[in-house]
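A.B. asks: What follows is each chain in one-letter form.
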Amino acid sequence: MRYLAVAIAIAAGLIVLISYFVPALAMVQFVLLNWAIILAGMAALVGVFNLISVHGDKVRRREKGNIYSAVLLVSLFASFIFGLALGPDNPNIRLLVNTVIVPVEAALMALLSVTLLYASIRLLRLHTDVMSIVFLLTAVLMLAASATLPFGEISPLNDSMRPWIQQVLALGGARGILIGVALGTLTTGLRVLFGADRPYGDK
Amino acid sequence: MDTAKCPVCGEVNPADAEFCRNCLSRLEPLAGPAKGEDAPLQPGQVPTKKTTADLEPILPQWLREARETARQSASEEATDSSSNINNPRPVTSSKPDLLAGLASQGKDEDDEDNEAEEVPDWLVSLTGDVPVQKKKADEPDAGDGQRARWVELGRQEEKPSSNLANAQASSGTSVENATPSWMTPQEPAPEKDELTDWLSRADQVSASSSTPLPASDQPAGSAASALPPSTPSPSGETPDWLNNLQSFRSSFETSSPSLEEQPALSQPDELPASASPQSAMAGLPGIPDWLKAFDQGSLAPAINSSDLPDWLKNVAPQGEVSSKGESPQTDPPPAPLPSETSRPKPSVESNKTPDWLSAYEPANLQPPGSMPAFVDGALENVNVEDLNASLQAPDWLSGSPSETTDQAASEANPHAAAQTGEAIVPAALPSWVQAMRPVESALPSSIPQSGRDSFLEAGGPLAGLQGVLPVGMFRPTSKPKTYSMKLNATTDHQTQAALLEQVLAAEITPIPMMTSSVIFSQRVLRWVIAVLMFVVVGGILFSGTEIFGLPARIPNDQTEMAISDIEKIPVGAPVLVVFDYEPSLSGEMQTVAEPYLNRLLLLKHPRVAILSSSPTGSALAESFIAGPLAERSYNSGKQYIDLGYLPGGLAGIYDFARNPTAVMPLDVDGSPPWRAAPLQGITHFSDFASVILLTDSAETGRVWIEQAGPMRGNSSLVVISSSQAGPMLMPYFASGQINGLVNGLNDASKVEQANGQAGLAARYWDAYSVGLLLAAGLILLGGLWNIVSGIKTLAKQKDGS
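The listed protein sequences derive, respectively, from chains A and B. So the first sequence is numbered by this note's numbering: it starts at 1 and just counts up by one. So the second sequence is numbered by this note's numbering: it starts at 1001 and just counts up by one.
Just so you know, these hints were derived from the structure itself, not from any lab. Just so it is clear, CB atoms sit at the ideal spot from N, CA and C, and this is done for glycine as well. Each hint should be verified, as a subset may be incorrect.
[Claimed, not checked] Residues from chain A that keep clear of chain B, each with C-beta distances beyond 10 Å, as calculated:
(1) A5
(2) H55
(3) E63
(4) V71
(5) L72
(6) S75
(7) I81
(8) A85
(9) V102
(10) L124
(11) A144
(12) P150
(13) W164
(14) R175
(15) R191
(16) Y200
[Stated by the list, open to error] Computed footprint of chain B on chain A, listed as stretches where at least three residues anywhere in the stretch have a Cβ under 8 Å from a Cβ of chain B:
(17) 32–40
(18) 47–54
(19) 89–101
(20) 130–139
(21) 165–173
With these hints in hand, go ahead and build the complete structure from the sequences.
C.D. replies: Put into structure tokens, the structure is as follows:
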């Protein structure tokens, strides 16, 4: 059974890869990709069921914080039932999204801004070295260069410093990151095709 | 009737039987001494007789057969004694010891053993031991039995021809009662093997008695008779006639020749008749008749060879036998002694002493006490070395009788042992050794005599030894020994255990961490930062001020390219808008996308298809259309179609780009979207006039650009991103993979400026700018403060050190 799974995974990967170069295999590639989309959708549904199971056990065992699990389960079933019945373009569903989901997640992002600011202040307290100072100076420059003064821009920062940092330093770093990501993805794909990595359940 | 079953063969035997009558095995106990043998001998007690005939059944079969063969050969030897005299076999004392006691199975065996174990008094005195009480002379047949024992042992050949030995051998005659004690044949059994060497040599000398030997070549036994007077003599045992003889010592000394002139002491035949002390004994009272006869020189050889038994002929002096004119010996007779003809011939008619034995009578002896220790001028011409050699005592005389064993004799005189060939076979003990089982007096008193350890071995090489092997070693036990499970721990053990427990407990005890007021200051700092941000940013935001200037537009940048791309979209053309951002960043994304989409909807009135690779994207899209774009009055199903959630991530995006109608056959309402008005004529991904991607993640933007970019054809691709994803998407804009990029609130303000209408970007710009400057200021001030405090700490540490 283990070898069968490996064989299926490698065969599917090779077919999809070869179909980029062989148009005759496009139809097979399409079928396999459709299967992947369906399985991904089912995976989301399985994730929902897993969430219900985990928090349901917490409520049944009356573990610590089970009240939050109960609220989560109630909200989940309510959203599912209303969304399935009314549809996403229903004003009540939009109200639910705009008044619950968006403010909650936005509040968490706001807390992140305060936390990041505090960490930046404490950085030199913990690591007083050159790189920390450079990191903080860069952050200060970009923050100052992204803003404007009340009656106009800060000419050296907004006119020359900020574009240079964005187009040179940030762009170069981002390109390096993207190239690294591409190489990593390629390597991962080859390892999966060769059976070295088996993310489908076997080591 | 009680019976005993043999444990070996199962034969039923009488209860009082000790050995099985069938297999002759020991009935019970299987090991240990025989009945009545385990009682130890007490000091002074005469050892009990050893009836070897009774022990014979327990001997192994091969030994019994050997003993039987020995009996037969002994009888044959007795028959052929006369022929043996004429053709004497080489004198050998190497008869196997195991056969040595075969002849002792006569009916007088008991007495013989007792007598054989006795050591002569004079011999015991020589070794310094206390003489053992001799058996009374009036006991019936004691001397006969001892003589028979002597003969049965086959040691007659080994009898020394010296005066002393011959005197002992002659003690078994009928005149024993009158024989002094030193002549009593108290031949200790243990010494008989040690005597093998010199006795055999003496026997040879006696056979050739006429040949004078030098003093150095004389056997040690002869020298024993010439021991110095310093040797303790058994004066107490000296007979009267011998004591009386002391009074004639002076006259004897004067009449006796010097040592130079005297022949060897071991050659009594060479003594001149005039020098014989027995001539003076004749007139002494208390001298036995046969001794008087010696003195009178009437010891004529009255006994012919026919009177002697055959076995005795073998051991009789050949000179005597030959004098009877019997068959000559095979070996040439030795030269006759000069004094042979003049030697006194004691008549033994009265005392029945054989002629050959008369040669060994005390008359021919030089008694130890009869020779003065020192004679003036007697040792003047004596070679001291020869004298020392002649005075060398035999090994058995130099050692304790209890220590004289065959092995010791062989070690002391290996030449003799090798000459006689008398080597004891290992584990084949002679009978006399078996008979000499250790008595209690010979054993060390320190040996425990408990009932468990006093077990006396009855057979084998360990026979006679006591307490060698434990009795109960091989005894089967039915019940195992129980041991107490209680731990006997002393105070020291408990102390050490407690110390070990403390050490182990210290290993797992957590070390308390240093607590300080830093955590309190950190909380305060966080609260200060949060309050400051809320107050400053919130105050400016809710005040609605527009003090801060908007960023200036930069020609041909990513924002200007995105704005110009709108111009390229045909009016009413289908446009795909992808909502791939999270609700947490919906505030920023709506602010950034709102001016660009308003401009697009306002200018081009496109048919919009909404798609999302995030589960919440569809709801956010509906909220965006119903919120910031509400002024454009776009309705679902008429101006736009919400295709819903596109699962599969990268594969779904790629598959949708390759065949959108097949991948998304239904919209969020469940109706086929591709036949609706907004999406009419759309069969491929490239049929969309423009693809506008709203994303807050660089990863999502990368997937859309890489997977769907090749299939978009001539359609444009514009990315509207948050400020955090913009830098990562700039390379795609620089490479031309995307046509324009609206990044963050800064670019959104430029789009608003292009639209000529202030929007959310302009409203939030003052608070946004103040917030950025406040954050930069806090970071800068906090960094400086931390640097200064760090320097102070280092200074304190230096001062402290």
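A.B. asks: So, for every hint listed, does it hold in this structure?
C.D. replies: Hints, one by one, checked against the model:
Every C-beta of chain B lies more than 10 Å from that of A5/A, the closest at about 19 Å, which supports listing it as non-interface. At the 10 Å boundary, the C-beta of H55/A stays outside the reach of chain B, the nearest C-beta of that chain being 18 Å off. At roughly 26 Å from the closest C-beta of chain B, the C-beta of E63/A stays outside 10 Å, upholding its exclusion from the interface. Chain B leaves V71/A outside its interface by the beta-carbon criterion, the shortest separation being 18 Å against a cut-off of 10 Å.
With a least beta-carbon separation of about 16 Å from chain B, L72/A lies farther than 10 Å from that chain, consistent with its non-interface assignment. With a least beta-carbon separation of about 14 Å from chain B, S75/A lies farther than 10 Å from that chain, consistent with its non-interface assignment. Even its closest Cβ contact with chain B, about 15 Å, leaves I81/A beyond 10 Å, as expected for a residue assigned away from the interface. Listed as outside the interface, A85/A is consistent with that label: its C-beta sits roughly 12 Å from the nearest C-beta of chain B, beyond the 10 Å cut-off.
Taking the minimum C-beta to C-beta distance to chain B, about 4 Å, the non-interface status of V102/A is violated against the 10 Å cut. With a cut of 10 Å on Cβ distances, L124/A falls inside the contact zone with chain B, its closest approach being about 4 Å. Residue placement check: A144/A does not keep its beta carbon more than 10 Å from all beta carbons of chain B (closest about 5 Å). For P150/A, the condition that its CB be more than 10 Å from all CB atoms of chain B is violated, with the nearest at approximately 4 Å.
With a closest Cβ-Cβ approach of about 13 Å to chain B, W164/A is found to remain outside the 10 Å limit, as its non-interface label requires. Some Cβ of chain B comes within 10 Å of the Cβ of R175/A; the nearest lies about 5 Å off, and the non-interface call is violated. The beta carbon of R191/A is kept farther than 10 Å from every beta carbon of chain B, the shortest such distance being approximately 17 Å. Every CB of chain B is more than 10 Å from the CB of Y200/A (nearest about 14 Å), matching its label as outside the interface.
Coverage of the stretch 32–40 of chain A by chain B holds [criterion: at least 3 residues with CB-CB distance below 8 Å; count 6]. Counting residues of the stretch 47–54 of chain A whose beta carbon lies closer than 8 Å to any beta carbon of chain B gives 0, which falls short of the minimum of three for the stated coverage. Only when three residues or more bring their CB closer than 8 Å to a CB of chain B does the claim for the stretch 89–101 of chain A stand; here the count is 7, and the claim holds. For the stretch 130–139 of chain A, the assignment as covered by chain B holds, since 3 residues bring a beta-carbon within under 8 Å of that chain's beta-carbons and 3 suffice.
Chain B is given as covering the stretch 165–173 of chain A, and this holds because 5 residues of the stretch bring a CB closer than 8 Å to a CB of that chain, at least three being needed.
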